[in-house]
Amino acid sequence: MHCNEYKLSRRSMLGATAAAGATFMGFSVQQLLALEGTSHAPKAENVILFWNGGGMSHIDTWDPKPGRPTQGEFEAIKTSVPDMQISEIWPELSKQMHHCSLIRSIAGTQGAHGRATYNLQTSYNQSANLIHPGFGSVVVHEKQKVGDLPAYVSISGRAPRASYLGQTCEAYFVGNPGEKDPYLSFPEGIQQERGNARLERLAKFNNRFAGSNRNAALEATQTSIEEAVRLMRSPALKAFELDKVPTATLNRYGDTAFGRGALLAKQLVETGVRFVQVNRGGFDTHTENFTAMRNHGEIMDPALASLIEDLAESGMLEKTLVVMLSEFGRTPKINMNAGRDHYPSVFSCFMAGGGTKGGQVIGSSDENGEQPQDRPVQVPDLHATFCHALGIDSAKEVITPLARPMKLVDGGEVVTELFV
Amino acid sequence: MTRSFSTPLAAMISVAILCTSTNISAADSAITGLSDVLAKENASNGVSLTPMPVADAATFLRRAYVDLVGRIPTEVEIRQFAELPQQTRREQLIDQLLQHERFADTWTAFYADMLRLRSNADGGAAAIAFVHKAVQDGTPYDKLAKGFISANGKAGATPEVGFILGDNADPMALAGATSQVFLGVRVACAQCHDHPFDSWTQHDFYGLAAYFGKTRRIETQFTNTVYTTEVKESTVLWPPEGQEDASDRKPMAPRFPFILAKSDNSSQAISRLEKLRTAYAVAAEGERAKKPETSVDDLLSDLDGKVDKAARGKKRNTLDVAAEAKRDARNLRIGSGIASESELRAELAELITDPKNRYFSRCFANRVWAHLVGRGIVEPIDDFSDSNPPSHPQTLDYLADEFVASGYDLKTLIRGIMISEPYQRSHASGTNAIEQAALEDAFLATPMRRMLSEVIFDSVITAGHLFEVKHPAGQNLKTVWQQNRVNKTPQKSESADDQQMAASGAAMQPKTRMVASSYNLESAIELDFDAILKKNSELSPQEANVAIDRMAVMSKEELEAVRMQQQERQRTNTEYIDRFVKATVDDNPTFTSSFRMASPAAPEHFLRVFGQTDRTQLGEHRDQSPSMRQALMMLNGRLTHEASRVGNLEPVHALLIGEHADLSQAIQLAYREILTRQPTVDEITEAKTIIADAGKPLEGMADLRWLLLNCDEFRFLP
Chain A
1 MHCNEYKLSR RSMLGATAAA GATFMGFSVQ QLLALEGTSH APKAENVILF WNGGGMSHID
61 TWDPKPGRPT QGEFEAIKTS VPDMQISEIW PELSKQMHHC SLIRSIAGTQ GAHGRATYNL
121 QTSYNQSANL IHPGFGSVVV HEKQKVGDLP AYVSISGRAP RASYLGQTCE AYFVGNPGEK
181 DPYLSFPEGI QQERGNARLE RLAKFNNRFA GSNRNAALEA TQTSIEEAVR LMRSPALKAF
241 ELDKVPTATL NRYGDTAFGR GALLAKQLVE TGVRFVQVNR GGFDTHTENF TAMRNHGEIM
301 DPALASLIED LAESGMLEKT LVVMLSEFGR TPKINMNAGR DHYPSVFSCF MAGGGTKGGQ
361 VIGSSDENGE QPQDRPVQVP DLHATFCHAL GIDSAKEVIT PLARPMKLVD GGEVVTELFV
Chain B
1 MTRSFSTPLA AMISVAILCT STNISAADSA ITGLSDVLAK ENASNGVSLT PMPVADAATF
61 LRRAYVDLVG RIPTEVEIRQ FAELPQQTRR EQLIDQLLQH ERFADTWTAF YADMLRLRSN
121 ADGGAAAIAF VHKAVQDGTP YDKLAKGFIS ANGKAGATPE VGFILGDNAD PMALAGATSQ
181 VFLGVRVACA QCHDHPFDSW TQHDFYGLAA YFGKTRRIET QFTNTVYTTE VKESTVLWPP
241 EGQEDASDRK PMAPRFPFIL AKSDNSSQAI SRLEKLRTAY AVAAEGERAK KPETSVDDLL
301 SDLDGKVDKA ARGKKRNTLD VAAEAKRDAR NLRIGSGIAS ESELRAELAE LITDPKNRYF
361 SRCFANRVWA HLVGRGIVEP IDDFSDSNPP SHPQTLDYLA DEFVASGYDL KTLIRGIMIS
421 EPYQRSHASG TNAIEQAALE DAFLATPMRR MLSEVIFDSV ITAGHLFEVK HPAGQNLKTV
481 WQQNRVNKTP QKSESADDQQ MAASGAAMQP KTRMVASSYN LESAIELDFD AILKKNSELS
541 PQEANVAIDR MAVMSKEELE AVRMQQQERQ RTNTEYIDRF VKATVDDNPT FTSSFRMASP
601 AAPEHFLRVF GQTDRTQLGE HRDQSPSMRQ ALMMLNGRLT HEASRVGNLE PVHALLIGEH
661 ADLSQAIQLA YREILTRQPT VDEITEAKTI IADAGKPLEG MADLRWLLLN CDEFRFLP
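Protein sequence lines correspond, in order, to chains A and B.
The first sequence runs 1 to 420 under our numbering.
The second sequence runs 1 to 718 under our numbering.
Okay, chain A solo, but in the shape it has when bound (with noise of 0.2 Å):
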């Protein structure tokens, strides 16, 4: 905390609230909060994280270096936003971004993919005895549930694990986009009626056993079975359903797992689903990157253009918080096979919503896209940016196993420009 600077920043005037009890005098953190005006207060309710595995090239996706030998084979072409250029594998994604924010200069630690991963996806770095949680638990545990739906849903891929903070915080997981989870229908064979009087019987069965006394352990398990009923028989769950979206839609999203992915996921949160994560993988470009990403750019565009553009006009794109995120970048240099190496020192991230003001490019790497040139942003700092965004307070303790108190968000700074 900086307590002799002249002017106290807001980040150690909640920091100092929260450790005198979340209260600075007398105004609770929301109360402060509120007190900034609304372009500060936090606006996002839900996010959608598009997780790119494998180290996504920065200068093929969102920091061309046209002109320098490091540009390789794609140019950068022109977005909504003068002066901001991205590569030419988003042709759609460029109409929007005055919606999206750019990151250009987060600076990684990590070169190999498990460590790199871990800290992108926690915000800590590895250590050999204790597991943190990823971004999304962190949410889910923060935010309160609304619905009938599982608040945080892993499609096409795992989901970091909720560790200490429990099982509730687990990722809900969706194999193929559009695939019904055969665990939330009655087995095979088992038809609607015959499966609804089973259940009438078991909570009945259970009640008996329960008895008179009121045991913890069988209350929560009767909770647990409730709430599986309840999911099963919401009317909500057609939110995982895809077959009625008109093919119109479909085709406009790419009709791809991806493109599935995405329009899942933005059902998803308008249902009140607060953390979807979108895994897709292929991005270990070591050879024919060009090739590789031209090919990730044809499925990803229409998809991230169209959810962009669709959020933005229903609305919910200001408390929906979009991320595209990646373990780290790839060599600028080109290697013989033409293809692009593991590359922490310098890499992108692309934000949209969520209360972020679009148009932006933070920071940014040097000529060839070596090295943050200025404004480097620590990987923490995005986790304490999420958080900004979604009003958590990244700096609170939860305790392990082993009894340490852990911060959410291993410290970082906000990056307040984005919220300006």
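The set of hints was computed from the structure by calculation and includes no laboratory data.
Ideal Cβ placement from N, Cα and C applies to all residues, glycine included.
Don't take each hint at face value.
Unchecked claim - Only pairs whose alpha carbons sit at most 20 Å apart, straight line, appear in this in silico SDA-like list of lysine to any residue:
hint : chain 1 : residue 1 : chain 2 : residue 2
1    : B       : K470      : A       : E188
2    : A       : K204      : B       : K688
3    : A       : K145      : A       : E227
4    : B       : K696      : A       : G195
5    : A       : K357      : A       : G282
6    : B       : K688      : A       : E200
7    : A       : K204      : B       : S429
8    : B       : K535      : B       : N224
To be verified - Residues on chain B that point at chain A, a partial pick, calculated with CB under 7 Å:
hint : residue
9    : G619
10   : D623
11   : P626
12   : P651
13   : N710
Stated by the list, open to error - Just the calculated beta-carbon pair ranges, DEER-fashion:
hint : chain 1 : residue 1 : chain 2 : residue 2 : range
14   : A       : Q144      : B       : D528      : 41 to 49 Å
15   : B       : A531      : A       : K238      : 33 to 41 Å
16   : B       : N648      : A       : K145      : 39 to 47 Å
17   : B       : A346      : A       : A403      : 26 to 34 Å
18   : A       : N125      : B       : N648      : 53 to 61 Å
19   : B       : V469      : A       : K244      : 35 to 43 Å
20   : B       : L260      : A       : K145      : 47 to 55 Å
21   : A       : K238      : B       : K696      : 30 to 38 Å
22   : A       : K244      : B       : K582      : 38 to 46 Å
Since the structure of chain A is already known, use the hints to place chain B on it.
Using the frame of chain A, we list chain B on its own:
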């Protein structure tokens, strides 16, 4: 939970009096005084509550099966128990089950949780298989612990090295893990600062870490062989990084921060242990005299034969690696090479397992007690400290001392706890929450325990007759889409999405794809413990270490050749694509024991959803709390569904269909098979309604069994 029995079987398994017979134990070291010691300690603590009675025989039977063999008993086993003489049958059952083949499976999971062994980690599967064998063979716990703490060698070939490799041979992590796992002391906090609530200082922590300071995890560059070895320089330096005087950091001297007991009550236990060990040593000496000893030369020539054979077995061997390596092997001194034993850690292992180190025996005794009784004398079980004293220190010391005197014998410890009253008491049902807590605190009532995930899984299989085929062949023919892995034809690189499309098959309905992939969360890779140990024992640990030493003297070119060979193998083996084909299958599923699965299971797997940890985090224990996912898996999962369905080959079938049909008997059988008890008269009437409502008796019985498998009474131990 008191239940009235009203049938012949109920008469047979009516309330039995707990017997404290003395003639059962084979060993002189049987632990028989636990009930008395606890009663005395409670009395001196001023506890005047009326204890809950010892549970009835059926309850004991279910608990004993679950705790010793990891599943509920079958109908046949219930009958066998009922036929044993009432006065001695509880002890007899315990003795039988301690010899059961599933005992080792079940208690391997206990050790694997404790040691955080992961079958997918370097040397992890071998370490688990090794523990399995140790439990089977009755290896003393101190010997097992010593091996894990001090071993060096190749992952797999030296199975115990899996423990060190689990923490990447990191000294800091291992200092924390070793003290917490084996001694129940949480010194990990002291890595960064003096312990806030305890006497451990950062200096203590570094002293402990220094025992691991010279250990390195090595992964060979090309062949990816992982092993541990000792180097000259310690990486544990003092003062810690970032401190004021950190400019001049020096290797930390190893120092054991725990004080060994002087002469006190435990010395009697120690002298009993020494007597036992002398007896063992005499017996072992006799065994050795019968067998001639193998010389190092024999070992080496034997190894050469094996390596040659292995090399010949591989086709198109572009380079005879073995021959090249052999040439250099002559320059090596066997046993002093890369994988020699760690002297520092051997010293640490001696200190940790010293019978005078009371943390060691107390910690383990408390762990096993907590596992069986449902609550530790020290809780959490890995937090022994001045600020967290044991609730019953005398009882704990009695148990710990007896454990030492038994020669650190797991079975003696388990048996001693299970024949005691604190294990066999009923739950405090019908009392208010405060009284219940007081009774449980004093071990005068047992807390309610939910079965472990593996036990639930295996118990559903047992109750549902799913270990073996229960439907006649051809009765469950189904057309399904099958996922087949085929070699990928060389093509231009496809995008991930194209591959996914290809994998899903153009003509396939989404629903059938679902059928093909949906219930994967209930199946898993089975580990063949014996095969794992056998595969690795083709070379003995010394031989494997010699092999590593040889690799170290291979030239760059030789290693490159090995790498190329490996790459070639990968090219031909790993490029595949998933194709879906339509096929008619006889869907007649059987399941295998979850105790034999690769563990920990995948994150969304049944076992994990029910609380199996990922065995990574220190101090993370099984989360036994319920979740919506658990409910969904039990309500709608394939396992419960298949277990509920009645197969023609099951005994209950004849009681439902045909001339010997007897609905009442069928219902009673279902209750016994699933809940290990007789139904009450009311429950039989209710079950008859359930079955009548279904229209068909088979479907009605499936409904009843589904209910019994899903109800709380099934997953919570009586």
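Consistency of the hints with the structure:
1. As the CA atoms of K470(B) and E188(A) are separated by approximately 18 Å, the hinted pair is consistent with the 20 Å bound.
2. The suggested pairing of K204(A) with K688(B) holds, with an alpha-carbon distance near 16 Å, which does not exceed 20 Å.
3. Proximity of K145(A) to E227(A) is assessed by CA-CA distance (about 12 Å); at most 20 Å being required, the pair is judged to hold.
4. With a CA separation close to 15 Å, the supplied pair K696(B) and G195(A) stays within the 20 Å bound.
5. Simply put, K357(A) and G282(A) have alpha-carbon atoms about 30 Å apart, too far for the 20 Å limit, and the pair is violated.
6. Between K688(B) and E200(A) the CA atoms are separated by roughly 16 Å; this keeps the pair inside 20 Å, and the hint holds.
7. Taking the CA atoms of K204(A) and S429(B), the gap is near 19 Å; set against the 20 Å cutoff, the hint holds.
8. At roughly 18 Å between alpha-carbon atoms, K535(B) and N224(B) fall within 20 Å of each other, so this suggested pair holds.
9. Hint status for G619(B): holds, given a least beta-carbon distance of 4 Å to chain A, under 7 Å.
10. Taken as an interface hint, D623(B) checks out: its beta carbon lies about 6 Å from the nearest beta carbon of chain A, inside 7 Å.
11. Hint status for P626(B) relative to chain A: holds, with the closest Cβ pair at about 4 Å, below 7 Å.
12. For P651(B), the shortest C-beta to C-beta distance to chain A is roughly 23 Å, which exceeds 7 Å, and the interface hint is violated.
13. For N710(B), the suggested interface contact is upheld, since its CB lies about 5 Å from the closest CB of chain A, less than 7 Å.
14. Remark: the range hint 41 to 49 Å for Q144(A) to D528(B) is upheld by a beta-carbon distance near 48 Å.
15. The beta-carbon spacing between A531(B) and K238(A), approximately 48 Å, falls outside the hinted interval of 33 to 41 Å.
16. N648(B) and K145(A) have their C-beta atoms about 46 Å apart, which keeps the hinted 39 to 47 Å range intact.
17. For the pair A346(B) and A403(A), the supplied restraint of 26 to 34 Å holds, since their beta-carbon distance comes to about 32 Å.
18. For N125(A) and N648(B), the Cβ-Cβ distance of about 58 Å falls inside the hinted range of 53 to 61 Å, so the restraint holds.
19. Checked against the given bound of 35 to 43 Å, the beta carbons of V469(B) and K244(A), roughly 42 Å apart, stay inside it.
20. Remark: the range hint 47 to 55 Å for L260(B) to K145(A) is upheld by a beta-carbon distance near 52 Å.
21. In this structure the supplied range 30 to 38 Å holds for K238(A) paired with K696(B), their Cβ-Cβ distance being about 33 Å.
22. Checking the proposed 38 to 46 Å range against K244(A) and K582(B) shows it is violated: the Cβ atoms sit about 27 Å from each other.
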